[in-house]
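Number of protein chains: 2
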Amino acid sequence: MNLLLLEDSDFISANRVILQGRRLQHLRAVQRVEAGDSLRVGLLDGLMGEGLITALDEHHAELDVRLDAVVPDKLPLTLLLALPRPKMLKRILQTISAMGVPRLVLLNSYRVEKSFWQTPFLSPEAIREQLLLGLEQARDTVLPEIIIEKRFKPFVEDRLPALAAGSLGLTGHPGNYPDCPRAVSQPVTLAIGPEGGWIPYEVELLEKAGLQPVQLGARILRVENAVPALLARLF
Amino acid sequence: MNLLLLEDSDFISANRVILQGRRLQHLRAVQRVEAGDSLRVGLLDGLMGEGLITALDEHHAELDVRLDAVVPDKLPLTLLLALPRPKMLKRILQTISAMGVPRLVLLNSYRVEKSFWQTPFLSPEAIREQLLLGLEQARDTVLPEIIIEKRFKPFVEDRLPALAAGSLGLTGHPGNYPDCPRAVSQPVTLAIGPEGGWIPYEVELLEKAGLQPVQLGARILRVENAVPALLARLF
Numbered sequence: 001m002n003l004l005l006l007e008d009s010d011f012i013s014a015n016r017v018i019l020q021g022r023r024l025q026h027l028r029a030v031q032r033v034e035a036g037d038s039l040r041v042g043l044l045d046g047l048m049g050e051g052l053i054t055a056l057d058e059h060h061a062e063l064d065v066r067l068d069a070v071v072p073d074k075l076p077l078t079l080l081l082a083l084p085r086p087k088m089l090k091r092i093l094q095t096i097s098a099m100g101v102p103r104l105v106l107l108n109s110y111r112v113e114k115s116f117w118q119t120p121f122l123s124p125e126a127i128r129e130q131l132l133l134g135l136e137q138a139r140d141t142v143l144p145e146i147i148i149e150k151r152f153k154p155f156v157e158d159r160l161p162a163l164a165a166g167s168l169g170l171t172g173h174p175g176n177y178p179d180c181p182r183a184v185s186q187p188v189t190l191a192i193g194p195e196g197g198w199i200p201y202e203v204e205l206l207e208k209a210g211l212q213p214v215q216l217g218a219r220i221l222r223v224e225n226a227v228p229a230l231l232a233r234l235f
Numbered sequence: 001m002n003l004l005l006l007e008d009s010d011f012i013s014a015n016r017v018i019l020q021g022r023r024l025q026h027l028r029a030v031q032r033v034e035a036g037d038s039l040r041v042g043l044l045d046g047l048m049g050e051g052l053i054t055a056l057d058e059h060h061a062e063l064d065v066r067l068d069a070v071v072p073d074k075l076p077l078t079l080l081l082a083l084p085r086p087k088m089l090k091r092i093l094q095t096i097s098a099m100g101v102p103r104l105v106l107l108n109s110y111r112v113e114k115s116f117w118q119t120p121f122l123s124p125e126a127i128r129e130q131l132l133l134g135l136e137q138a139r140d141t142v143l144p145e146i147i148i149e150k151r152f153k154p155f156v157e158d159r160l161p162a163l164a165a166g167s168l169g170l171t172g173h174p175g176n177y178p179d180c181p182r183a184v185s186q187p188v189t190l191a192i193g194p195e196g197g198w199i200p201y202e203v204e205l206l207e208k209a210g211l212q213p214v215q216l217g218a219r220i221l222r223v224e225n226a227v228p229a230l231l232a233r234l235f
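Quick mapping for you: the protein sequence lines, in order, are chains R and G. The working numbering numbers the first residue of the first sequence as 1 and each following residue consecutively. The working numbering numbers the first residue of the second sequence as 1 and each following residue consecutively.
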């Protein structure tokens, strides 16, 4: 982790923090910090800065904290993602959090296996855990918003047009479509399909909602590669 | 898998193939094909095309094969990568193979843990297995070349200048450097560091060998995201 994330409840005074649990273990076992060391800290949904470790033992760490640095901007993006298989979901939640996606819609699709919706990794606590790991990796403090939509058609027909209004709407889809644009300057709404891709009916419905199909070349990428590749190309 | 990869030894005549083992199991259990089905096939290091399944049981599959389609171009890139931890190495080998990297140098660095060099995933058979999975994912037939360099300094000082000659040399490194360029038209030699980054001495040595440091923004990405992000931005 490249940033130690703090919450309001960690503070015992205006600039003094006490840590226990996972973050304490990580500081001791992985980062191997000692009293006197400084490290990057950030307040969840707040500023970043430096923390000086004033005391450290197996039960707690105490830090003096100075928060004076702004966090990196989010991307101007709403990302729609067909629900990936559970193992990939965990990694992708970390990825979108690390890369600065402010809003992710996890969406059903014909090729999403029904069992994927049963995974415990979709619980709010499990989602939050992966998002926090992404923030710690990238040095950001602001959690993305995650929206879960188990029904494709009502979401795309009734809610997506308003969500995508005023943005460049794109559906990533292999085929004879225009290339995905580069370095755009406006907000984007981007839909990425499941392994096996969207079915034609879904591409049509997304297009009616304002999302034009674009492609990334002849190679078919896994979702975990398509997401960073499309974000890096677009922004 | 989006492509069934064949080898010369699978052919019993000019356009007839018999399969057993892993690929047979995958056809039956995952793709659930039946006699009469057609699927995409490719000859390792050769053309792609269609295969018609003429017979299928638990012991073998027999296909009539027509190979008439060229494979997608590789990227004009030599990628230098500080050896990642074993679990990530497997995924990254698949990624670079799928994304069309023709040559990968796995390199030592100060922040590469020595134990990483002991992993069985560095054996030629294990590397080849991951590369094949990447080709099957992306629909390509040509294996990338993998070069293993356990000593940073002799490689960067003695071999890298010739390897990078005539290409745009870049080192991905967070910091106050120019942005990574977009959509370049010339060949590229790109070095991506370990978790924790290159140390300054390494950045200097890479620069002397012709690789200029460039950055991807304030966010620190995991190597598995930095690779697809940098490739998508560069090409």
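Heads up, a few of these hints could be off.
[As the list claims (entries may be wrong)] Rough simulated footprint, nothing fancy, chain G against chain R, three-plus residues with beta-carbon under 8 angstroms: (1) 92–99; (2) 131–143; (3) 211–224.
[Said to hold, decoys possible] Taking lysine-lysine and the DSS-like style, the derived pairs with C-alpha atoms no more than 25 angstroms apart in a straight line are: (4) Lys74(R) with Lys114(R); (5) Lys90(R) with Lys114(R); (6) Lys87(R) with Lys90(G); (7) Lys87(G) with Lys90(R); (8) Lys150(G) with Lys114(G); (9) Lys74(R) with Lys153(R); (10) Lys90(R) with Lys90(G); (11) Lys90(G) with Lys74(G); (12) Lys114(G) with Lys74(G); (13) Lys150(G) with Lys87(R).
[As the list claims (entries may be wrong)] Calculated Cβ distances over 10 angstroms to all of chain R for the following chain G residues: (14) Asn2; (15) Ser13; (16) Gln20; (17) Ala35; (18) Thr95; (19) Ala126; (20) Arg139; (21) Ala183; (22) Leu216; (23) Leu221; (24) Ala226.
FYI, nobody ran anything at the bench for these hints, they're computed from the structure. Values in this document were obtained by computation on a predicted structure and should not be read as measured data. Backbone N, C-alpha and C fix where the C-beta goes; we use that ideal spot for every residue, glycine too.
Q.
I'd like to know which numbered hints this structure contradicts. Please list them from smallest to largest.
A. Checked against the structure, the hints that fail are numbers 4, 9, 12, 13, 14, 18, 20, 21, 22, 23 and 24, while the rest are satisfied.
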